[in-house]
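Given chain A, put chain B in place with the hints provided.
Below, each chain spelled out in residue letters.
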Amino acid sequence: MSTMSSAVLDRTAALRQDFPILQRTVAGGMPLVYLDNGATSQKPESVLRAMDEYYRLYNANVHRGVHTLSEEATALYEGARAKVARFINAPSANQVIFTRGTTESINLVAYAWGRAHLGPGDEVLITEMEHHANIVPWQIVQEQLGFTLRYVPVTPRGLLDLDALDGLLSEKTKLFAFVHVSNVVGTINPVAELVARARAVGAKVLIDGAQSVPHMAVDVQALDADFFAFSSHKMCGPTGMGVLYAKRDVLESMPPFMGGGDMIREVTMVGSKWNSLPYKFEAGTPSIAEGIGLGAAVDYLQAVGMDWVQAHEQELVAYAYGRMSEMEGLRILGPGPDQRGGLISFTLEGVHPHDIAAILDSRGVAVRAGHHCAAPLHACYGIPASARASFYLYNTAQEVDVLTDALHKAQQMFS
Amino acid sequence: MSTDALYREEILDHYKHPRQKGHLENPDIHYHDHNPFCGDEITIELKVEDGVVIDAAFDGRGCAISQATASMLMEEIVGKSLDEIKTWDKEHILDLLGIEIGPVRLKCALLSLKALKAGVWGLEEWPE
Numbered sequence: 001m002s003t004m005s006s007a008v009l010d011r012t013a014a015l016r017q018d019f020p021i022l023q024r025t026v027a028g029g030m031p032l033v034y035l036d037n038g039a040t041s042q043k044p045e046s047v048l049r050a051m052d053e054y055y056r057l058y059n060a061n062v063h064r065g066v067h068t069l070s071e072e073a074t075a076l077y078e079g080a081r082a083k084v085a086r087f088i089n090a091p092s093a094n095q096v097i098f099t100r101g102t103t104e105s106i107n108l109v110a111y112a113w114g115r116a117h118l119g120p121g122d123e124v125l126i127t128e129m130e131h132h133a134n135i136v137p138w139q140i141v142q143e144q145l146g147f148t149l150r151y152v153p154v155t156p157r158g159l160l161d162l163d164a165l166d167g168l169l170s171e172k173t174k175l176f177a178f179v180h181v182s183n184v185v186g187t188i189n190p191v192a193e194l195v196a197r198a199r200a201v202g203a204k205v206l207i208d209g210a211q212s213v214p215h216m217a218v219d220v221q222a223l224d225a226d227f228f229a230f231s232s233h234k235m236c237g238p239t240g241m242g243v244l245y246a247k248r249d250v251l252e253s254m255p256p257f258m259g260g261g262d263m264i265r266e267v268t269m270v271g272s273k274w275n276s277l278p279y280k281f282e283a284g285t286p287s288i289a290e291g292i293g294l295g296a297a298v299d300y301l302q303a304v305g306m307d308w309v310q311a312h313e314q315e316l317v318a319y320a321y322g323r324m325s326e327m328e329g330l331r332i333l334g335p336g337p338d339q340r341g342g343l344i345s346f347t348l349e350g351v352h353p354h355d356i357a358a359i360l361d362s363r364g365v366a367v368r369a370g371h372h373c374a375a376p377l378h379a380c381y382g383i384p385a386s387a388r389a390s391f392y393l394y395n396t397a398q399e400v401d402v403l404t405d406a407l408h409k410a411q412q413m414f415s
Numbered sequence: 416m417s418t419d420a421l422y423r424e425e426i427l428d429h430y431k432h433p434r435q436k437g438h439l440e441n442p443d444i445h446y447h448d449h450n451p452f453c454g455d456e457i458t459i460e461l462k463v464e465d466g467v468v469i470d471a472a473f474d475g476r477g478c479a480i481s482q483a484t485a486s487m488l489m490e491e492i493v494g495k496s497l498d499e500i501k502t503w504d505k506e507h508i509l510d511l512l513g514i515e516i517g518p519v520r521l522k523c524a525l526l527s528l529k530a531l532k533a534g535v536w537g538l539e540e541w542p543e
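Residue numbers (my numbering), protein chains in the order written: chain A, 1 to 415; chain B, 416 to 543.
Just chain A, same shape as in the assembly:
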């Protein structure tokens, strides 16, 4: 049944051993088929161990103490920042700001950069394909700053309508913020072209990399992003941790986001001076264990190889796309497998996505059902919700077969 080569399958079988949770069963003894990686990925043993060791052996606050533990914790935490910088090819670790996740990274840009650079008459361009995390922060600051928010439309095939860009980008556009890989339609957006079009009108570019960094090699300098945001928990790391990369001159042109400890150089009762990059944007005690965990996740992914991860997911999604396309009444949202990342959102005629997810769950298969925090995109398709299977490095073609068998079962039950 499988079209995947045996070398790939052997590698996947070995990688699965690294993830303790994949050994468990659900729904009364069914093997777990975890296909909700778009929501969050599972964590390998090495990440769990790194975080556990921090609490057992080095637990101390960072950047403060002169004692041994604090120095060790700081070295590990800052070591993680350096690993992340190398992973995305940032010119310097000082341009890697740790946040709580993609959502906080984009909020940071909206509040700190937005307050300094946006006002009435300005425009921020986003797309209909965005996750709520790249819509709602702009709507909130828009009320305070008075700029106009515009949207690039999505074609019925789930691609950005590039023909519409001419009418949307102008010298008024101060920022073009778009998703790298859609969490709903899976589309891999043509970053080079989008960045070039933004540059032509002098706009800054923010790329939401929540669904790209975990699944493919990303080079922020090659992409020429002014801002690039992503989350730890979708790339084998812990929750509560994320990254905002930005160009140095852009970061220096921004006031701080939150105020507090660690982000200041000098505080008097009259005022304060800000710390250097990246600490200017990191107020308060950070998520230290989570930062160290992200560092371990980066180590893990680099050892596996991001090109392998992407190739593996490409094979899986092509196989799943083929099998699901054969099903009558099943509608896949978005483009063909050659233009998408490792996820497939779909609807099944006569079966609500919630019912699909519940029936799949009873067979051990975890998928997402709902609007995937992208309600405007679902509105474009005229549907309230969809079901989504999203793959990662540990998924197999056999698991795709379990998925499609369970979908047939759901269809039978409701016919």
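It should be emphasised that the hints constitute simulated quantities derived from the structure, not laboratory data. All the given hints hold, so there is nothing to weed out.
Here are the simulated lysine-lysine pairs, BS3-like style, with alpha carbons at most 27 angstroms apart:
#	chain 1	residue 1	chain 2	residue 2
1	B	K431	A	K409
2	B	K501	B	K462
3	B	K522	A	K409
Have a look at the derived ranges for each label pair, beta carbon to beta carbon:
#	chain 1	residue 1	chain 2	residue 2	range
4	A	K409	B	H445	34 to 44 angstroms
5	A	A192	B	L538	47 to 57 angstroms
6	A	R331	B	E425	24 to 34 angstroms
Ideal Cβ placement from N, Cα and C applies to all residues, glycine included.
Just chain B now, with coordinates in the frame of chain A:
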């Protein structure tokens, strides 16, 4: 959990062949509610005489649990007094469904009761 435990035949039957689905002419009570989490929608309409429901209808879209519950509830409600309906709670719906239900899907199951009770109590909208 087996899928049979999740979707009894009666629930699937109500979902595929909903009873009392549609609209009433000049209903005495009309209430619309939705669950933003999954997009389930329910509109409930009642004709009332002397404090007793004499006709009921629902319209809506959503998962099998939310739509089947609405259908079962509308079928049951005709002939019942508003005072009795006001006493119905979560347990009443779970008895009606006859399945175990997790916390997330409980919202689907309770949507039509929520709309019904808001309508019966004469609320303009559900209090936050």
